[in-house]
Structures are given as structure tokens and as C-alpha cells.
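As given, the protein sequences belong to chains A and B, one line each in that order. Going by our numbering, the first residue of the first sequence is number 2, and it counts up by one from there. Going by our numbering, the first residue of the second sequence is number 2, and it counts up by one from there.
If you are wondering where the hints come from, they were derived from the structure by calculation, not from laboratory data. Careful, some of the hints might be misleading.
List of simulated lysine to aspartate or glutamate pairs, EDC-like, C-alpha gap at most 20 Å [stated by the list, open to error]:
#1 B:179 to B:239
#2 B:21 to A:7
#3 A:40 to B:80
#4 B:81 to B:66
#5 A:21 to B:7
#6 A:40 to B:239
#7 B:40 to A:7
In silico negatives: residues of chain A with every beta carbon more than 12 Å from chain B [to be verified]:
#8 30
#9 132
#10 217
#11 230
Virtual Cβ for every residue (Gly too), placed ideally from N, Cα, C.
There are 2 protein chains.
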Amino acid sequence: MNTYLDCFPCFLRQAIEASKMVTDDAGVQRRVLNVVMEKMSTFPLTATPPEMARVIHQIIREVTESDDPYRLVKERSNEKALELYPKMKELVGTSGNPLLVSCKLATAGNSIDFGVPSSSFRDYHSLIESALSSPFKVDHFDEFVGCLSHASSVLYLGDNAGEIVFDRVFIEEMRSFKDIDVIFVVRGGPIINDATYEDARHVGMEKVAKIISNGCDYPGTVLRSCSKEVQELFQSEDIIIAKGQGNYESIDGSRRNLFHLFKVKCPVVATQLKVDVNDMVCVNRAGWGSQ
Amino acid sequence: MNTYLDCFPCFLRQAIEASKMVTDDAGVQRRVLNVVMEKMSTFPLTATPPEMARVIHQIIREVTESDDPYRLVKERSNEKALELYPKMKELVGTSGNPLLVSCKLATAGNSIDFGVPSSSFRDYHSLIESALSSPFKVDHFDEFVGCLSHASSVLYLGDNAGEIVFDRVFIEEMRSFKDIDVIFVVRGGPIINDATYEDARHVGMEKVAKIISNGCDYPGTVLRSCSKEVQELFQSEDIIIAKGQGNYESIDGSRRNLFHLFKVKCPVVATQLKVDVNDMVCVNRAGWGSQ
Chain A
2 MNTYLDCFPC FLRQAIEASK MVTDDAGVQR RVLNVVMEKM STFPLTATPP
52 EMARVIHQII REVTESDDPY RLVKERSNEK ALELYPKMKE LVGTSGNPLL
102 VSCKLATAGN SIDFGVPSSS FRDYHSLIES ALSSPFKVDH FDEFVGCLSH
152 ASSVLYLGDN AGEIVFDRVF IEEMRSFKDI DVIFVVRGGP IINDATYEDA
202 RHVGMEKVAK IISNGCDYPG TVLRSCSKEV QELFQSEDII IAKGQGNYES
252 IDGSRRNLFH LFKVKCPVVA TQLKVDVNDM VCVNRAGWGS Q
Chain B
2 MNTYLDCFPC FLRQAIEASK MVTDDAGVQR RVLNVVMEKM STFPLTATPP
52 EMARVIHQII REVTESDDPY RLVKERSNEK ALELYPKMKE LVGTSGNPLL
102 VSCKLATAGN SIDFGVPSSS FRDYHSLIES ALSSPFKVDH FDEFVGCLSH
152 ASSVLYLGDN AGEIVFDRVF IEEMRSFKDI DVIFVVRGGP IINDATYEDA
202 RHVGMEKVAK IISNGCDYPG TVLRSCSKEV QELFQSEDII IAKGQGNYES
252 IDGSRRNLFH LFKVKCPVVA TQLKVDVNDM VCVNRAGWGS Q
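The task is simple: from the sequences and hints, build the whole structure.
In C-alpha cells, the structure reads:
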């Protein structure tokens, strides 16, 4: 999707929050903002929001001289989520529909996002409870199950640290449901709190999927910038699961085998999908017209 | 108060929302944003937020060639609030504490603010109901009543169109409580949806108070820029009531006879006052230390 002017205040907020994570020096924070605003003034609206977000976080890293401002946040997110792993397994195992419950958990895990306003280490337990009692507000889960029933390979585009533990639970259930090979794709470098190779390894993703890097550091999946391997897998795999709003914003097209799972984070996307901010969605854009 | 970097995304959001009110031309909207961002890059943080807000809305008026983008919004706010006037009078008249109830209504009226995110013509009835059941989260109302008991003159610094109908009800109750002269101060020119002389006349404020302009067009009260008359009244009147967060942000000092009534609109001010966004407050800053 294109970038909207309404995204600009959000870019600026992200720049402030990330700068504050790295430095208390108000002068440095102000320099970050000024460079970001200068870049925003010429940013083409035909580019996707994750492309601008990447520029912003590059500026933050350069001006604050910090390689990975969210490193600690990512580590803590992974640890907190790992603590919940046994509870999630129990919840899924004792439910009447493990595939649906684990899919909802994976979507709820998308709440762990430091790119959105005032994110913090919220109560993960209540996050799980509320997720399980909330329906998908765009609900193409049945189409997903239909697709999965005939699939033997899944390309899973991950999103944030912490969230990837929830993804692991979902992947385990998919593999119980159907004999599939899963490739789990992470960002090629640090960007906001998005999961990288180290994060995926840290939560044991290699036990359930092959982990590969997408070869670039957008907080989304800008396919033309991804490695040739990921571009080819995007064409060849039976199902693609794309986690998070950044992947939704940056992947164009409406393939029948592409499913977006995320919590809606902003009014721009909420309006597009005719849902509210914070709603959980399971979207197949090819199926969208038939709603 | 100083401007914080956290105010910058909010300035940008205001610029977008106001531009959209005036024009559908995305190119013009973008030009507004770019000029605003350029100005923000050199704006001194020692100035108050209303001072930056004034610059922003000047830019909007210049670039969009619109003298008063919020004119229609203000007219509609006044009309909607006037429709509620009989109900408010009844509520106040049948209550056990008309002064408190009308003061709360006046504070609730401060919700009518198009400078805050996603404001719209919300359900004014529910606004009244919820206001009456909510306490002041900073509550210096007793000190206010004590002050009023010994006063013969009140300088009332108004805020938004629509809200001024709620103010009128409060002023009527103050005058029932005590024989006082009230001077109602409006902005000297159009700025956001702040009430001007025409708005005050439109809602019949002249029946209960003398209406005067403050001589400038900040969305707040920047005293050194106000008319000599207002500056002198600020020193001589027995009580000053300052409505709205813009007046709180722009008036410094902690006079025993100055009371701020507003709904808290943003996290920066909420943090300062140790309350939550959307809380109603009745603040005397001289009394703040004794809390």
C-alpha cells in the first residue's frame, strides 16, 4: 500500500520513541527528528510505509551511533514470551480446535510491537485471554485451513521478537495438522523490534522450521529487495503466511495462497479493512472481494 | 510550559487534519506539511505549545488560502451546544449543588476540541452524563468556591466554540451564587476552533458577561502578546478562570486566584499532573504543592 500523510505523525512518534531508548541527550533526539523531517519532506507517497520506516530507523542508528536500539527490548520480549510457552501449549492442547487457537495466539502475539504508540511489556497473560475470546474481524481462517489441507510447504514471514514464540506454537500445530515443511523468514538486519536470525534461534524456531533471512532490513517484506532465494520461495511455496501490519503494508497483490495475520495498529489500515484499531484479522486478499 | 519533542507528532497531525478540512488537494496538504516540518526544525522548545500551534495554523491558512478553516465546525459546535442549553439548565437547577454541577459541565464542554485526535460531533448527551459521574482528578473546587465567596470580579478566559455555551451555564450559576461581574475573554482571531467574538455573541454570552478580545490569535493565552487591557485585567480581577489545556500550557505562574478547568488532552500534560488522558481537572497551581 501507499504511504498516507496520516502516517507522517506516526513516523515522527517512532523516531522520538526510538531516540529516547538510545539516548537521554535532548540535542541528539532533536537532531534525529530534524533529519527525519527533512527526509519525510521528499519521501514519495507511492512507496510503502515500511520503506519510510526503514529510512527513519537508519537515521536513528546513524545519529545516535547505536547499531540496534531495540536489542534489549527484543531480548526481554523473547524471554517473556518463552515463559508463556508452556501455558500456550497447554491452552492449545486442551482446546477443541488447536489449529484455530494457536492461530489466534500467533495473531495476539503480534501485539508485541514497539513500533506502535506506548507499547510496553504489557501483561502477556491478559493478552492471551483477550485474544482467545476475540473473533477475527476479517476472518478467512476457513480458507486458510482449506489451503493448508492441500499444502506440503509453508513460507512463514515473521514479524517481531517475542511474537515469534507465539508463531512457533502455531507452526507446531500446523505440523500436527498436516505434514508440511515450514520456512521461517526473518529480517536481514536490526529494524525496530523485528525478529532477526538470532531471535529466531533464541526461541528454538529451528526445531520446527528452517530459518532464513530475507536479506534486507525493512520492517516489512519489500519483495524486490529481498534475497533471490526468498523471492523464489514466495513464488514456489504452497502457502504464505505473513505476520504483522508491516508485511501487510509492504506486500502487494492478492494471491489465493497468501494469508495475513495481524492486529490492526493504525486508523489508516483499519479504514482500509473496515475494522477498528486493535482488531485481529486473518486476511486473504484474494478472498476479500467475496466477503 | 515548554514544548516537548512529544508535541511534534501532534503538531503534524493537527496540520494534516486542518488541511483536510480546507482542501482535498493532496499536493496542497503535502505543501502544508513540508512548511510545518521546516518550521518545526527550528522552533525553540522554550516556547509554549500554543505558540508553535499558532505558527502551524498560520501556515495552513496561508498555504490553503483559507482565512478560517474551522469556521463551519465552530458554527456547528455552537448550534449543537445551544440545543443542549435547556437540558443543562434543568440538570443544574434540579441538582443539589448547582455551582459544582455547572462547573463540571463547563469542564466537560472542553471535550469539544478539534485540536485533539479524531474529534468529531460526538454525542453531547453522553458527554454530559459521563461528566457528571466523573470526579475532578485534580480537585481544587473547594478552594475555588472559597475564592469566589470573597470575589466581586471574574476574568474568564474562554477556549473553544460550542464549549462556550457550557461556560455560559457555569457563569450564570456563579452569578446566582455571588454578585460578580464577569469578563469573558475570546481569541483575537480565528485559530483552530477557538471561540472568537462572533462565537461568544452567537451563544448570547453578552447577556451574562462583558465579552472582550485578547488581541491575539494563539490557541492559548500568551499574556505578553495580549492587549494591554487583558494584561491589566489579569492583574486586577479577583478570580481568573482559564478554560482548556491551551490556556494551561501558555499561562505560567501559580497565582492563588487562578483556576484551570479542562479535560486533559495529551500524555505530556497528563504526566505533569499525574492523571490520565481524558481526566477532568480543576487546578489551582498555587495549591498544587499542598496536595
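Quick rundown of the hints versus the structure:
no. : hint           : result
1   : B:179 to B:239 : holds, 13 Å
2   : B:21 to A:7    : holds, 11 Å
3   : A:40 to B:80   : violated, 43 Å
4   : B:81 to B:66   : violated, 28 Å
5   : A:21 to B:7    : holds, 11 Å
6   : A:40 to B:239  : violated, 51 Å
7   : B:40 to A:7    : holds, 19 Å
8   : 30             : violated, 6 Å
9   : 132            : holds, 25 Å
10  : 217            : holds, 27 Å
11  : 230            : holds, 38 Å
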